[in-house]
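Asks: Take a look at the letters that make up each chain.
Number of protein chains: 4
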Amino acid sequence: MQLITRPAHSIINQSFDSRLRLDTVPVNGDGFGVGWYQSNPDTTSTPCIFTSITPAWNNQNLSRLAEEIQSSLVFAHVRASTTGALSETNCHPWRFGRLMWMHNGHIANFNKIKRKLQQSLKDELFLFVQGNTDSEWAFALFLNQLEDPINGQFDHETLKIAMLKTIDQLNNWAEEAGIHEFSLLNFAVTDGHSVICTRYINSKTEEAASLYFSSGTRFTEYKPGHYRMTKADKREDIVLVASEPLTFEKADWLTIPTNTCLVITPKLNVLLFPIKDQFYNIHRVKKKCIFFNSCNE
Amino acid sequence: MQLITRPAHSIINQSFDSRLRLDTVPVNGDGFGVGWYQSNPDTTSTPCIFTSITPAWNNQNLSRLAEEIQSSLVFAHVRASTTGALSETNCHPWRFGRLMWMHNGHIANFNKIKRKLQQSLKDELFLFVQGNTDSEWAFALFLNQLEDPINGQFDHETLKIAMLKTIDQLNNWAEEAGIHEFSLLNFAVTDGHSVICTRYINSKTEEAASLYFSSGTRFTEYKPGHYRMTKADKREDIVLVASEPLTFEKADWLTIPTNTCLVITPKLNVLLFPIKDQFYNIHRVKKKCIFFNSCNE
Amino acid sequence: MQLITRPAHSIINQSFDSRLRLDTVPVNGDGFGVGWYQSNPDTTSTPCIFTSITPAWNNQNLSRLAEEIQSSLVFAHVRASTTGALSETNCHPWRFGRLMWMHNGHIANFNKIKRKLQQSLKDELFLFVQGNTDSEWAFALFLNQLEDPINGQFDHETLKIAMLKTIDQLNNWAEEAGIHEFSLLNFAVTDGHSVICTRYINSKTEEAASLYFSSGTRFTEYKPGHYRMTKADKREDIVLVASEPLTFEKADWLTIPTNTCLVITPKLNVLLFPIKDQFYNIHRVKKKCIFFNSCNE
Amino acid sequence: MQLITRPAHSIINQSFDSRLRLDTVPVNGDGFGVGWYQSNPDTTSTPCIFTSITPAWNNQNLSRLAEEIQSSLVFAHVRASTTGALSETNCHPWRFGRLMWMHNGHIANFNKIKRKLQQSLKDELFLFVQGNTDSEWAFALFLNQLEDPINGQFDHETLKIAMLKTIDQLNNWAEEAGIHEFSLLNFAVTDGHSVICTRYINSKTEEAASLYFSSGTRFTEYKPGHYRMTKADKREDIVLVASEPLTFEKADWLTIPTNTCLVITPKLNVLLFPIKDQFYNIHRVKKKCIFFNSCNE
Numbered sequence: 001m002q003l004i005t006r007p008a009h010s011i012i013n014q015s016f017d018s019r020l021r022l023d024t025v026p027v028n029g030d031g032f033g034v035g036w037y038q039s040n041p042d043t044t045s046t047p048c049i050f051t052s053i054t055p056a057w058n059n060q061n062l063s064r065l066a067e068e069i070q071s072s073l074v075f076a077h078v079r080a081s082t083t084g085a086l087s088e089t090n091c092h093p094w095r096f097g098r099l100m101w102m103h104n105g106h107i108a109n110f111n112k113i114k115r116k117l118q119q120s121l122k123d124e125l126f127l128f129v130q131g132n133t134d135s136e137w138a139f140a141l142f143l144n145q146l147e148d149p150i151n152g153q154f155d156h157e158t159l160k161i162a163m164l165k166t167i168d169q170l171n172n173w174a175e176e177a178g179i180h181e182f183s184l185l186n187f188a189v190t191d192g193h194s195v196i197c198t199r200y201i202n203s204k205t206e207e208a209a210s211l212y213f214s215s216g217t218r219f220t221e222y223k224p225g226h227y228r229m230t231k232a233d234k235r236e237d238i239v240l241v242a243s244e245p246l247t248f249e250k251a252d253w254l255t256i257p258t259n260t261c262l263v264i265t266p267k268l269n270v271l272l273f274p275i276k277d278q279f280y281n282i283h284r285v286k287k288k289c290i291f292f293n294s295c296n297e
Numbered sequence: 001m002q003l004i005t006r007p008a009h010s011i012i013n014q015s016f017d018s019r020l021r022l023d024t025v026p027v028n029g030d031g032f033g034v035g036w037y038q039s040n041p042d043t044t045s046t047p048c049i050f051t052s053i054t055p056a057w058n059n060q061n062l063s064r065l066a067e068e069i070q071s072s073l074v075f076a077h078v079r080a081s082t083t084g085a086l087s088e089t090n091c092h093p094w095r096f097g098r099l100m101w102m103h104n105g106h107i108a109n110f111n112k113i114k115r116k117l118q119q120s121l122k123d124e125l126f127l128f129v130q131g132n133t134d135s136e137w138a139f140a141l142f143l144n145q146l147e148d149p150i151n152g153q154f155d156h157e158t159l160k161i162a163m164l165k166t167i168d169q170l171n172n173w174a175e176e177a178g179i180h181e182f183s184l185l186n187f188a189v190t191d192g193h194s195v196i197c198t199r200y201i202n203s204k205t206e207e208a209a210s211l212y213f214s215s216g217t218r219f220t221e222y223k224p225g226h227y228r229m230t231k232a233d234k235r236e237d238i239v240l241v242a243s244e245p246l247t248f249e250k251a252d253w254l255t256i257p258t259n260t261c262l263v264i265t266p267k268l269n270v271l272l273f274p275i276k277d278q279f280y281n282i283h284r285v286k287k288k289c290i291f292f293n294s295c296n297e
Numbered sequence: 001m002q003l004i005t006r007p008a009h010s011i012i013n014q015s016f017d018s019r020l021r022l023d024t025v026p027v028n029g030d031g032f033g034v035g036w037y038q039s040n041p042d043t044t045s046t047p048c049i050f051t052s053i054t055p056a057w058n059n060q061n062l063s064r065l066a067e068e069i070q071s072s073l074v075f076a077h078v079r080a081s082t083t084g085a086l087s088e089t090n091c092h093p094w095r096f097g098r099l100m101w102m103h104n105g106h107i108a109n110f111n112k113i114k115r116k117l118q119q120s121l122k123d124e125l126f127l128f129v130q131g132n133t134d135s136e137w138a139f140a141l142f143l144n145q146l147e148d149p150i151n152g153q154f155d156h157e158t159l160k161i162a163m164l165k166t167i168d169q170l171n172n173w174a175e176e177a178g179i180h181e182f183s184l185l186n187f188a189v190t191d192g193h194s195v196i197c198t199r200y201i202n203s204k205t206e207e208a209a210s211l212y213f214s215s216g217t218r219f220t221e222y223k224p225g226h227y228r229m230t231k232a233d234k235r236e237d238i239v240l241v242a243s244e245p246l247t248f249e250k251a252d253w254l255t256i257p258t259n260t261c262l263v264i265t266p267k268l269n270v271l272l273f274p275i276k277d278q279f280y281n282i283h284r285v286k287k288k289c290i291f292f293n294s295c296n297e
Numbered sequence: 001m002q003l004i005t006r007p008a009h010s011i012i013n014q015s016f017d018s019r020l021r022l023d024t025v026p027v028n029g030d031g032f033g034v035g036w037y038q039s040n041p042d043t044t045s046t047p048c049i050f051t052s053i054t055p056a057w058n059n060q061n062l063s064r065l066a067e068e069i070q071s072s073l074v075f076a077h078v079r080a081s082t083t084g085a086l087s088e089t090n091c092h093p094w095r096f097g098r099l100m101w102m103h104n105g106h107i108a109n110f111n112k113i114k115r116k117l118q119q120s121l122k123d124e125l126f127l128f129v130q131g132n133t134d135s136e137w138a139f140a141l142f143l144n145q146l147e148d149p150i151n152g153q154f155d156h157e158t159l160k161i162a163m164l165k166t167i168d169q170l171n172n173w174a175e176e177a178g179i180h181e182f183s184l185l186n187f188a189v190t191d192g193h194s195v196i197c198t199r200y201i202n203s204k205t206e207e208a209a210s211l212y213f214s215s216g217t218r219f220t221e222y223k224p225g226h227y228r229m230t231k232a233d234k235r236e237d238i239v240l241v242a243s244e245p246l247t248f249e250k251a252d253w254l255t256i257p258t259n260t261c262l263v264i265t266p267k268l269n270v271l272l273f274p275i276k277d278q279f280y281n282i283h284r285v286k287k288k289c290i291f292f293n294s295c296n297e
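Residue numbers (UniProt numbering), protein chains in the order written: chain A, 1 to 297; chain B, 1 to 297; chain C, 1 to 297; chain D, 1 to 297.
So that you can see chain A by itself, here it is in the shape it has in the complex (with noise of 0.2 Å):
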């Protein structure tokens, strides 16, 4: 799971390229996506999506896009199936008006609560989900959060608080399941101006999936399938979240703690809130990063 947003040219897009060529070569092959915004894009845009049920390090139709999408913001998935089988409905990313999500983790014993988030959504949600997977119905759970998900204006705070509604309501629903397996809840969520990341799971012990940030002024190229980021002055143009540091230089990137939400706004500033719901554990909290204020509070 990775997210780009305001790469300047089409090297970074090659680069994501790339950098998905690596990432997936040694567990997924079942599938991925990508889903970028248009390079200035208003705020009626929708973003565009391309999946395959093939693996992307030899997709042809991925390697012409990637040369020529140039794009303020890209969500890109590598799926490893969990639950849903392999057809192009089942992989990230969505996009529902101007949003799009995707998902890495799975939620436990989803088919316990499954119904339950079923009846909770309004109509025209539960008749979008065209698929079969956890992470798509966690997208209508999300939506049915906010007041007017296909014509509304989201500001960041609008769609954290979503996400953290969501996230609650998952646990709600697990815990009156009596499940007790945890689930990986490392969502991303974008309007194409706000980035709200979650790395969560529901323990007070466990470590969630892992999550990286870096930030920057530019990509450079420093040798042939390494990238490092590069601060040339104040401006950061460029933030990166992914689910593992890649091939870039690991100096580059901070670890998000566990339990955490990450929101990057409009003007490209991130933010990092603790959640702080029953599975809050100051312990657990590397002080790897400044966090700026605690979400649930």
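These aren't lab readings, by the way, just hints derived from the structure by calculation. Treat the numbers as computed from the prediction; the structure is a model and nothing was measured. All clues stand as given, with none of them false.
Identical copies go unnamed one by one, so any copy, or any two together, can satisfy a pair.
With a Cα cut of at most 30 Å, we get these calculated DSSO-like pairs of lysine-lysine:
hint, residue 1, residue 2
1, Lys165, Lys267
2, Lys276, Lys122
3, Lys276, Lys165
4, Lys204, Lys165
5, Lys112, Lys276
Following the hints, complete the assembly by docking chains B, C and D onto the known chain A.
Replies: Frame of chain A, contents of chains B, C and D only:
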């Protein structure tokens, strides 16, 4: 939607392949599926299903499998999508235990009854559905009428009753939801021994999608790509049901009247029952076929 | 086989999507491809190509890309396979450097001239071909007529001459091999600036596969799915070439005569040249179009 | 690259499925193929081949077919692409008449010998190739060594000689072209009765890609996903050859030495012959296996 029972030899498989090609060119290119039982199925045999999102007439795997497979009961389906995205999980037929199902037609305004249908299902059937089509949900509804769909032994009477209940239930929900469009409910189900098909529309005056059958002792290819059913003796070893008479001699085919339930017994008797519900219309029934009893009385 | 030059805005992309749907349903379900240049291509732009082995009318990636892409030159092709298995490498169009190529028709008895064609090619072109169709090999043959197909700058005259040499070479090999069936050689090639199309058959009396063109200032959708070309002023901003008049007003379309070479210059002048070779037949030429010169004289 | 001869029952098919899953996860997601003969092939049986461009471990068609198919001889191949695009035509195994072929490895600098190879072929073999891989062209070269590849009856000696000629020819062309990289030539071919495999590299000192075999009376699954070969009596009913020992007990597997030709006769005798050509190195041969004769002498 085609099915074949008791084909003698693999030439039959060749022919279903040939017929598929001819059948599908005019209208259908949205994926296909075939399902079959082994030549001598015992009471625990499950069908084997092969589906694909690329057109049947250009599928090399299908061509090669058709050369090889010998089966006494084949379902073949070519999909012109009405609901559900193009994916293998949305291709007919589907199987559940020993049962296999397909549908030609569509449930009108399915979105308006989808929630009710889902809520009526036992958990295992609610969770069984992997795709997103009215047809697969109708299969779940059919299974829900059976006491033990996974382990039970079914006679053709049991299967027929479940089929009629399924149609009746769909009619009731359509009425509750105020749906006035007609549903085309040509269903086929089998356990590998009996086959139940319907030609049905929830209208007293309209015709349902077409359905034909033919029976005889063996197929012969009297000129390339053209087949004729021959009746060498009193035994009827082959029964074919198809939505179109295909490339066979038209005289070999009988039209199944609208709102009829066709039953093929394990001994290959073919029984036709008018479906006597609120949409029954004695004047519509064409007298081409002898009816044995009537359903729903 | 369709191409569009100078579409003003993304509505054009919408429309080519719509037309694809309508065009392709009747006969073609064997994969498709689209290729396009960026809105403002410079002299080094390569086209982007998207191909798929599933039908165009049900391809969600294509629908989403068509919303997004703005291009001044689009090639679209729907494949009814004549040779070569169904695979992405066998889908038109193909690209080589900045050049893009597609073909509607087939080379008669291609197997009898395949070896000679391959042996005539420079190594880089022999090795360039990834699929197994007469059409892609014909592209390699065309490229072989150019001095520097990868780096060269091409004017429309150079491209036209290479096209005519390609046809002439295919005719010579067909004669040597004693092939009497006719080849249908409707080719289209572009470097992103000029476009060369042919409507050709190696026969003095038969008609080639159809080819039409239309030009005007802008498209308007006067009722859903129906488009009309309007000519608001003297400028002709859009040129369309298609194998069928599609859903547009028939009156907007001109038939391109059999055995004609059509050239669209970078300034959008449309030139028609009869191909005056051994299959030229003055009586066959219909007088619908003004010819500028004749080819091969 | 795996092959199985004489599996007793469908549990074997289950297991090859299981092993595929385990085998393929680490490295290979570029499509796969299986080929098999009917349980009791006569002398005219052609193999059935199923290939797919999506990964084996998530292919529902494969899972369902594996439940059903009973075969005395199975080839299974998982592809990590070296040359040729991802398409079904580029997936191993291939068949020609009754013969079936697969390849693990690659021909070094194949582009430098491709023209010579093609020019050496009889027309029917030149035209037979549908894809674009070194492996399929090597199959055509193998077929070209046989007098009548489509109708002939083959004994294992004939097949072995053709295999060695194929390798010898590839070596000669590599030398003529001045290619110094090594080719990995682990080939397998069968006519449904005999099987010929090679473990080969054109180097005196390097090791070829690994190859193992195992034989016994039957498989047993002693814990989930773990299989052991048992030898209930003197009869050896099953022979397995695989590029990795997979999930079976390591002790059940013998390493086939580099530059060896393995022959399985119709009576299931397993014969190992060192390939005594210019790359033969007596010191490299490990003494794990008893050699019967040597090849090429």
